[in-house]
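Engineer: As they're listed, the protein sequences go chains G and A. Per the numbering used here, the first sequence starts with residue 1, numbered consecutively. Per the numbering used here, the second sequence starts with residue 1001, numbered consecutively.
These aren't lab readings, by the way, just hints derived from the structure by calculation. Possibly wrong hints are sitting among the right ones.
[Said to hold, decoys possible] Subject to a maximum C-alpha distance of 20 angstroms in a straight line, what follows is the list of computed DMTMM-like cross-link-like pairs (lysine to aspartate or glutamate):
hint, chain 1, residue 1, chain 2, residue 2
1, A, LYS1057, A, GLU1070
2, G, LYS26, A, GLU1030
3, A, LYS1065, A, GLU1053
4, A, LYS1098, G, GLU53
5, G, LYS70, G, GLU55
6, G, LYS56, A, GLU1053
7, A, LYS1098, A, GLU1030
8, A, LYS1071, A, GLU1001
9, A, LYS1017, A, GLU1030
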Amino acid sequence: SQQGEEDPQALSIQEGENATMNCSYKTSINNLQWYRQNSGRGLVHLILIRSNEREKHSGRLRVTLDTSKKSSSLLITASRAADTASYFCATRASGGSYIPTFGRGTSLIVHP
Amino acid sequence: EAQVTQNPRYLITVTGKKLTVTCSQNMNHEYMSWYRQDPGLGLRQIYYSMNVEVTDKGDVPEGYKVSRKEKRNFPLILESPSPNQTSLYFCASSLSLKISTDTQYFGPGTRLTVL
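Take the sequences, apply the hints, and build the full model.
Structural biologist: Following this line, the structure appears as structure tokens:
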């Protein structure tokens, strides 16, 4: 069951520009996490935001969470070619579910 | 170095030939899980384990088995592989399932082709 859905599916930008990708989900959550995956490699955790938090920062990354709209956004500022990857959101539903649910991902290409 | 390792990284096999993909973590994590990743479908969880001898089904468990005899190891077993199990498989672990610490660490992946 796919809870989180990323949007857009693909994003192509120039180096130095900002990249914004969104994640929408269906049910109440305990937390939401963003992961990055370089082509064919394992996922790497970026940020975890809890349901009672609205915004978190980590370096050039900014994540927001709007539980009323059941959505989150990931902003990468001053993008670099090395940011080229797929980005996934994963939600941990409230109510005791132990299965984190990943979306299908946003494919980001940053052109040098 | 803290890591999750998987072996083999690449495997081509034939229908019906039993195989095992190993997964090991050196972080003393309680929670481990297996995912498969297919184009257009994202990551789907196959099985997970909350601790030694405790395993449970994920979203797509059919055709797979797992065991958790030791905390560090969580092998994925395909008793009779079929072509629809051709996929990219990831093992992951996390310290616990507490809401603030359930960040998952992923292995490098195993690309399996079943002919």
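Engineer: Now tell me if each hint is right for this structure.
Structural biologist: Verification of the supplied hints:
no., hint, result
1, LYS1057/A x GLU1070/A, "18 angstroms, holds"
2, LYS26/G x GLU1030/A, "28 angstroms, violated"
3, LYS1065/A x GLU1053/A, "13 angstroms, holds"
4, LYS1098/A x GLU53/G, "16 angstroms, holds"
5, LYS70/G x GLU55/G, "14 angstroms, holds"
6, LYS56/G x GLU1053/A, "37 angstroms, violated"
7, LYS1098/A x GLU1030/A, "11 angstroms, holds"
8, LYS1071/A x GLU1001/A, "18 angstroms, holds"
9, LYS1017/A x GLU1030/A, "31 angstroms, violated"
Hints 2, 6 and 9 from the earlier list are contradicted by this structure; the remaining hints agree with it.
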